Amino acid sequence: MDDRKLKAARQFIEAIPHSRALGMSLDTLEDGVAVISMAYDPRFVGDPQTGVIHGGAVSALMDTCSGAAVMSHPVSAAGTATIDLRIDYMRPARPGDRITARAECYHVTRSVAFVRATAHDEDKDRPVATATGAFTLERAPEGRS
Amino acid sequence: MSPRPKPEPVQVVKERRDAALNALVRGVPYIRFLGIGFERRGDELTAVLPFDETLIGNPLLPAIHGGVTAAFLEVTAIIELSWSLTWEEMESGRLDPRKLDPEHLPRLPKTIDFTVDYLRTGLPRDAYARARVNRSGRRYASVHVEAWQDNRTRLFAQGTGHFLMPERPLRASDG
Chain A
1 MDDRKLKAAR QFIEAIPHSR ALGMSLDTLE DGVAVISMAY DPRFVGDPQT
51 GVIHGGAVSA LMDTCSGAAV MSHPVSAAGT ATIDLRIDYM RPARPGDRIT
101 ARAECYHVTR SVAFVRATAH DEDKDRPVAT ATGAFTLERA PEGRS
Chain B
1001 MSPRPKPEPV QVVKERRDAA LNALVRGVPY IRFLGIGFER RGDELTAVLP
1051 FDETLIGNPL LPAIHGGVTA AFLEVTAIIE LSWSLTWEEM ESGRLDPRKL
1101 DPEHLPRLPK TIDFTVDYLR TGLPRDAYAR ARVNRSGRRY ASVHVEAWQD
1151 NRTRLFAQGT GHFLMPERPL RASDG
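Top to bottom, those sequences are chains A and B. Mapping to my numbering: the first sequence position 108 is 108, numbers consecutive. My numbering runs 1000 ahead of the 1-based position in the second sequence.
Bound conformation, chain B alone (with noise of 0.2 Å):
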């Protein structure tokens, strides 16, 4: 029996799965306008949106824009989308997260629609978001999106969207 290969250290995992993280983040413009992050469990992600003057609708009350909270949800399902895709190639050895720059990122999804339900108002402070992909085809996805504030079980809106999928690219042993 041949010995089995020592596992990578815990620090080489993390520091690749970070890196495809940050290049599929980092290279849109709109996600960094808003000033939205992302926190990575394993490969369950939390979009963090924190607060910020400018994200303001209704300075009366005060609340968030209902287009902060929309575009905070349909970002968070694409990028939730592209992660799910982009972590199959990379745990198979198939991306090397290490050559994702600008140019060469991961082609993103399109969004065919999105459904906003505001649940309630969104409070001046920050807020939180995660993704769960409930139907990923080879053409066509479906995702579901949870906002919450202060408590995880009091979400303030939900969101589902429909996507197109990206064309993979064909590889040489595609044939």
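Just chain A, with the same shape it has in the complex (with noise of 0.2 Å):
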């Protein structure tokens, strides 16, 4: 994806409200595949004798992601909703570290979209948690793109 695109994309994604509140930004958006990241924030905390991140901002930002996977591959969807989304939680994010997540839409049907995501902090090689989603599909009209 060039940068002019990238950048429309980084800002149509950075003006979703909530993805805003949660301070996420995009990394990159190319084919089917979006990386995008989310400081830490005390207000997100889950557990406060830890410290650590709550799961349900862990799964906002995999959302997040996820929806932005689906939209960048070739097939160019019109739009998209989640279907269903499981999350599996492999252990505690760092109290302090920024997690990053990396979503792959690795199949499309004519309606719907296959996506699968991980998530890890500033420790790259275990991640944090995974995901997979079914989403729904819009294509644009024939004749459009």
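Just so you know, these hints were derived from the structure itself, not from any lab. Bear in mind that the values here come from a model prediction, so they are computed numbers and not experimental data. Keep in mind that the hints are not guaranteed to be accurate.
Computed list of chain B residues with no C-beta within reach of chain A, every gap over 10 Å [said to hold, decoys possible]: (1) Asn1022; (2) Glu1088; (3) Met1090; (4) Thr1115; (5) Glu1146.
Now the stretches of chain A that chain B is said to cover, found in silico as 3 or more residues with beta-carbon under 8 Å [stated by the list, open to error]: (6) 41-47; (7) 51-57; (8) 76-89.
Glycine included, each C-beta is placed from N, C-alpha and C at the ideal position.
Starting from the two chains in their separate frames, assemble the complex, guided by the hints.
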């Protein structure tokens, strides 16, 4: 994806009110693969005794990243919505670390897109969480793209 | 026959239960960040997510962010599970909720996995959720959650999660 398109996509995603509220930033977006990250914030803590980020905030990051992956797939979807999303939590994210999600839209049918995603903190070798999801795929009317 | 002890005044019972619930909910920053509150009838909880512009995920429709819906369900499941553990401890007299401050909260269960089923668009208005603990073992628990907006029977999302139970503190009487 060229710089102009990436910039437009970045503006679009960063303008979503809840993505803004969580401070998400789009790092890369190309051919069905999206990378979105989020800084550590004490307001997102789920366990006050450990300072670990709430699973819900990680879910929000994974969901946004998965949706972006669908939108960047070469079929040029006109829109998408989550049908189902399953998240597996491997380990608690390290307090203070930035969390990065990478989602890949690995298969599309006429009306459904399938996505898998992984999230990690600053230790890139051990995932914090993985996700699989099914998304609706709204196609642009024929003749327009 | 010894006379039956006088039951506690209802207000004392209510205050104790509300104090325990508040301690559980107020201790979690992310619950405050989303603005989620809990209403209690006896041991039954209803989570309430008041609508706010910052919860929007699709400004064109507009619709609540799928991540907010997932978080709302997960928060409801965790609080319901912790509440069911706290309730038992409290009602048996083993736990005094007045001693629950942020440093002495019950340990929270940890999410192993969570699946969200998005049934309808989350509309720009208040949302409600209730969770049911289907299995609560010594180490693992399975919890189901349902969320709705205007009509209780028209769910906009449901979810199921598996949780790792917190280690129970050993008591002197446990040997």
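So, going through the hints one by one against the coordinates:
{"no.": "1", "hint": "Asn1022", "result": "14 Å, holds"}
{"no.": "2", "hint": "Glu1088", "result": "21 Å, holds"}
{"no.": "3", "hint": "Met1090", "result": "20 Å, holds"}
{"no.": "4", "hint": "Thr1115", "result": "4 Å, violated"}
{"no.": "5", "hint": "Glu1146", "result": "15 Å, holds"}
{"no.": "6", "hint": "41-47", "result": "holds (count 6)"}
{"no.": "7", "hint": "51-57", "result": "holds (count 5)"}
{"no.": "8", "hint": "76-89", "result": "holds (count 9)"}
Going down the numbered hints, you'll see the structure goes against just number 4.
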